[in-house]
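> Residues per chain are reported as follows:
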Amino acid sequence: MKANGKVFKYGENVDTDVIIPARYLNSSDPKELALHCMEDIDIDFVKKVQQGDIIVATKNFGCGSSREHAPIAIKACGISCVIAHSFARIFYRNAINTGLAILECSEAAERIQSGDQIEVDFSTGIITNLTKNEFYQAQPFPKFMNDIIAKEGLINTLKEKLDS
Amino acid sequence: MGMTMTQKILATHAGLKEVCAGQLIEAKLDLVLGNDVTTPVAIKEFKKIGVNKVFDHEKVAIILDHFTPNKDIKSAEHCKMCREFAIDKNIDNFFDVGSMGIEHCLIPEKGLVVAGDVVIGADSHTCTYGALGAFSTGVGSTDMACGMASGYTWFKVPSAIKFILKNKPAKWVSGKDIILHIIGLIGVDGALYKSMEFCGDGLRYLTMDDRFTIANMAIEAGGKNGIFPVDEKTIEYLKEHSVKEFKVFEADDDANYDEIIEIDLSKLRPTVAFPHLPENTKTIDEVEEITIDQVVIGSCTNGRMEDLRIAAKILKGKKIAKNVRVIIFPGTQKIYLQALREGLIEDFVEAGATVSTPTCGPCLGGHMGILAKGERCISTTNRNFVGRMGHVDSEVYLASPAVAAASALAGKIKDPESV
Ligand code: SF4
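Residue numbers (numbering that gives the first Met the number 0), protein chains in the order written: chain A, 0 to 163; chain B, 0 to 418.
To be clear, the hints were calculated from the coordinates, so they are not data collected in a lab.
Even glycine gets a Cβ: it sits at the ideal position worked out from N, Cα and C.
All the pointers check out, no bait thrown in.
Far from chain B by the CB rule (all over 12 Å, computed), these chain A residues:
1) 0
2) 5
3) 30
4) 33
5) 34
6) 45
7) 109
8) 122
9) 123
10) 125
11) 127
12) 129
13) 130
The calculated lysine-lysine pairs, modelled on DSSO-like cross-linking and capped at a C-alpha distance of 30 Å, are:
14) B:372 / B:70
15) A:160 / B:47
16) A:47 / B:372
Could you build the full structure based on these sequences and the hints that come with them?
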């Protein structure tokens, strides 16, 4: 599995309140949530983002609430992958459970800039910066997580288990 | 090698004799929890799994607290969806307007969690029940759905930071000041993926309400859970509130910790977190003149009986400063009623505050006290992110009920000692 796209770069502690502000949580429709993704940190994000684009941030991405609406909104607006120095743990869980690809890589988080074109190979964890012609090595997912992502989330994984 | 308290609880629930940090396990769940924001998403996912029943109708709790009483039509639809699901699935612990409270105040009060339990909740502040010596942690809606269907979930066993709390805190220093101090010390990702285990002789000066406040904000330091050892106060609380059997776990003497941090409680001062992160802390002595427009006292962090009592003690017989709006929201119906009986509600209203029915309301910028552009609020809640309580250009300062009440009288952030 691979991702390829243009980068939107953010700093540290991007919290779930700016990813999807609580005032929109009276909806759980992915399309509607996508309309307000990142609104409080980057008002132009939704206008500019294209299918396949990638978010890169530094430490503690997704901190704050447990709202699954955050990875859902990110995925629904077309983002193919989020790369960060580190993720808040509930966000990390939710991303995997909903099938949003995420990778931890300090070097990539530091070097990559907004607008860079990058490619991510999930099976090897290699991130290629096509603009800067650089490579960064991220930790590939452990097997059980790969399985969940391959089955497009936890629901299908459990379904299979309960059926058998 | 020895295990931490958290590791021991997880090992038992995974049916293993031993676990170590980093290990992936599947653990049995004693309670699965959701609210009116996260449950609708979980219900949709639950339906996809294709089971008819929840794993145990006594071990699922659904509490409508975020946008209730329904703030608009969409919230009403969400609540309706939760209500219908709860009826259909025969869920015993469903709490609607009239019986509900803010989930993390209500669950312990109803005795639904006891020491030794493993709990997941589709709400980040589920870590609150660590105060009771349980392992409890926040998850997302998909986890909630799978937990409801199967009764177990996956965990990566966390490593831990041990906090040794020593000595007696001074008069105006509460659980809130202790946890704000800790977050200021280690940062909002200082305990990322880890357990925060609290111990030390200082614990005996902390009431259960102090401990709930401290465990509640473990997530603001990035923690997976915050946990307290079980002592006489815990046992007394459990016996008063629950009929469930509890189990006491203790960390091994040779348990391994990533870090051990000692905190002398007698040296702490009332502490305030400045916008826009809970780690931006200052002691009250370092706070310069900061005028405020709104004061919020309540939430799952500080909406309990003691919090209201201390606020009332400061506000009683006085008048709130001109042009300051004070909103007080008790954590549960029971707390509301008790406050009424003790005359606290009267004290609040006479001082010029407004008292709300239990709801999350202003805490997450949902309703009942949204901030306009440029406005400032001092709040006893747990988050002060950009736009948390309203406009992106508004500001939230986090503090204890004592500091919030003193500030309400002064119209600016104030040391309770000075009012
Ligand atoms: S009071 Fe605030 S922090 Fe607590 S559960 Fe409600 S919204 Fe979340």
